[in-house]
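Asks: Okay, here's what each chain looks like letter by letter:
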Amino acid sequence: MKILSVMIGTLLLLAPLAAPAAEAPVGSVKAVKGTVSIIRVAAAVEAKSGTRVYRNDILRTGADGSMSMVFRDDTLLSLGPGSELTVNEFVFSPADGKLSMVTRLLKGSAVYLSGIIARLSPESVRFETPVANIGIRGTMFAVRVDPE
Amino acid sequence: MKARGIFLLCALALVSLTSCARNKGMVVLLPDPDGKVGRVVVSNKGGTQVLKNAGHMVEVPDADKAPLPPVAMDAGQIGRNFGEAMSLVPPPPIHFILYFKTDTTELTEESRKLLAQVLPTTVERRSTDVSVVGHTDTTGTREYNCNLGMERALLIKKILVSLGSDPAYIEVTSHGEGNPLVKTADEVPEPRNRRVEVVVR
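For the protein sequence lines, the chains are C and S, in the order given. Every letter in the first sequence is one number past the one before it in the working numbering, and letter 37, counting from 1, is 37. Every letter in the second sequence is one number past the one before it in the working numbering, and letter 124, counting from 1, is 124.
With the rest of the complex left out, here is chain S:
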């Protein structure tokens, strides 16, 4: 009973400690690897700030206080605050985009050559995480397209394994018509969207 009382006291002390802990924060907008600069919105109970320029920083003094207006941060300051995390940013996953001959389960000549590069790339990246993702255009129902994408993806996995890839590393999935390469309206035939993507991470 006594032990339980002490435990409760400790638990209470811990709760009050964490709820009293105050934090401050900062957010820095960086250019994408391809040079493009997007936008982030920093907001809390106190207010909102928008970051639009690469290298600009918003400081947040407290959870209850509004984020401060953006200010420029030099490379040295960014390095001191984020050097370790920045040095480990992984290379973007490689997407191999494969096409079939119209109305067949036979790959085009180019795609067959491309498929042969998957294993060497996996080895070179020392990747143990590969996805094979089936995609379709928007003709037909969502459900039909989901199944069709899965069928195509399973076929590609089979070929990859026959070429020497480790099946344990490969995950197969279908995005159906929901992740097109070229955006179209519904019920639009688009050969560029009927594809399988092999993603090597």
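If we strip away everything but chain C, and leave its shape as in the complex, we get:
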């Protein structure tokens, strides 16, 4: 009985940690240069080509770093040095008509080429920054946020 409750306790403790892995990834890293990290549930994950990226991950590049990733819906994203970006929302489920994507660049620079979600449902895609939001009508753009 005691062992069982310990086991249940352990499972309960592990449950929140296991959550991101149970959810499908939003995409994967394609290339990295210099210092790059992915922060997942407050812990750093090694960023290399093929590393899966999940919702709420923080992608961070150092002063010498840059990286790129490919989303599940073919959206392409790359980050220049000194950048920080989060994927706040990513739902790519055409089978039941559920589509949405919200990305937020907190600082630094990014180049973004929209994918299938923007093609199927442009109004469901938003790119946010601390100074303005960007609505995407199927295209490629570059965006940069610097301290004043």
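Treat each hint with caution, since some may be false.
Stretch-level coverage of chain S by chain C, calculated; a stretch enters the list once three of its residues show a Cβ under 8 Å from a Cβ in chain C [as the list claims (entries may be wrong)]:
| id | region |
| --- | --- |
| 1 | 22–33 |
| 2 | 40–51 |
| 3 | 77–85 |
| 4 | 90–101 |
| 5 | 161–167 |
| 6 | 175–188 |
No wet-lab data here; the hints were simulated from the structure. Only a predicted model underlies this, so the values are computations on that prediction, with no experimental measurement involved. By construction, the Cβ of each residue, glycine as well, lies at the ideal position given by its N, Cα and C atoms.
Following the hints, put chain S in place on chain C, whose structure we already have.
Replies: Just chain S now, with coordinates in the frame of chain C:
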């Protein structure tokens, strides 16, 4: 207790620092890799600007101030601001579109040849991220089509693995009738939409 007080003070100082930090930004419209130019809308509390021309830039002086009207930016300026990020833009994923002979789980001749190219492409791209996605036309219910797409996709994964692809790299999913190649009304048979796409990233 004292330590906690100091911690609280530090936390407060940090909060006020970040909330006081002011940012400025810029957005530049670029041509798509295929040459097409789309449109982006830049908006905040102060107002909205629309970018329609490739190489044009909208500056945002502050979160509270309206974005400025678009101005042309030359290649040098774009390179100085975005060079590193632009140099790493990945090539678009390759989609292999596979068809079955009508009402069978047997691939057409062309599709069988195409399927054989998936592994070499994966190796050439050094990709460890491949999706196999089932698609259907709009005849039947959404749920039925979702399951049908999944069945076809699982079959293709099996063949890919038998041809030497690493199953750990392959994700299988179904878009059912929700992501057609050719847009149709509901309940329209369309052979071009009954397909499996293998996406190599």
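Asks: With reference to the structure, classify each hint as holding or not holding.
Replies: Against the structure, the hints come out as follows:
1. 22–33: holds (count 12)
2. 40–51: Coverage by chain C holds here, the residue count being 6 at a Cβ distance below 8 Å.
3. 77–85: Per the Cβ count (6), the hint holds.
4. 90–101: holds (count 3)
5. 161–167: With 0 residues close enough to chain C, the hint is violated.
6. 175–188: Contact hint for the region 175–188 of chain S vs chain C: holds, 5 residues under 8 Å.
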